[in-house]
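Taking the hints into account, I'd like the entire structure generated from these sequences.
Be aware that the sequence shown starts at 285, since it is given in the numbering used here, and climbs by one per residue.
Just so you know, these hints were derived from the structure itself, not from any lab. Don't take each hint at face value.
[As the list claims (entries may be wrong)] Pairwise CB distance ranges (calculated):
(1) THR290 x GLU314: 29 to 35 Å
(2) SER286 x ARG313: 19 to 25 Å
(3) ALA291 x GLU315: 30 to 36 Å
(4) ARG293 x GLU315: 29 to 35 Å
(5) ALA304 x VAL331: 31 to 37 Å
(6) SER298 x ASP325: 16 to 22 Å
As the structure is a prediction and not an experimental result, all values here were calculated from the model. Just so it is clear, CB atoms sit at the ideal spot from N, CA and C, and this is done for glycine as well.
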Amino acid sequence: MSEVNTASRHDPISLNAVAAFSRVAGAIREEVPIVLEPLIDRGQSDVTAEVERARAVFAAVAATVG
Numbered sequence: 285m286s287e288v289n290t291a292s293r294h295d296p297i298s299l300n301a302v303a304a305f306s307r308v309a310g311a312i313r314e315e316v317p318i319v320l321e322p323l324i325d326r327g328q329s330d331v332t333a334e335v336e337r338a339r340a341v342f343a344a345v346a347a348t349v350g
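Here it is, written out as structure tokens:
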């Protein structure tokens, strides 16, 4: 799970990306692993923030299903 910009480069996951992922997250079965691709090599991403944004995607789906 990552965000790719118009220059085909990875960016930290934005709130717009969270909204976009949320629209399709319901199609992903619970047993399917999700791979996060935070940009940690040069400190571009805060790993904790990236994990929390990914959780937000699937929490929104769980709230509508459960």
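Evaluated hints:
1. For THR290 and GLU314, the hinted distance range of 29 to 35 Å is satisfied, since their beta carbons lie about 33 Å from each other.
2. The supplied range of 19 to 25 Å is met by SER286 and ARG313, whose beta-carbon atoms lie about 20 Å from each other.
3. For the pair ALA291 and GLU315, the beta carbons lie near 34 Å from each other, so the given range of 30 to 36 Å is met.
4. Our hint of 29 to 35 Å for ARG293 and GLU315 holds, since their Cβ atoms are close to 31 Å apart.
5. The hinted window of 31 to 37 Å between ALA304 and VAL331 is violated, with their beta carbons roughly 21 Å apart.
6. Between SER298 and ASP325 the beta carbons are some 19 Å apart, a value that agrees with the proposed interval 16 to 22 Å.
The structure shown violates just one earlier hint, number 5.
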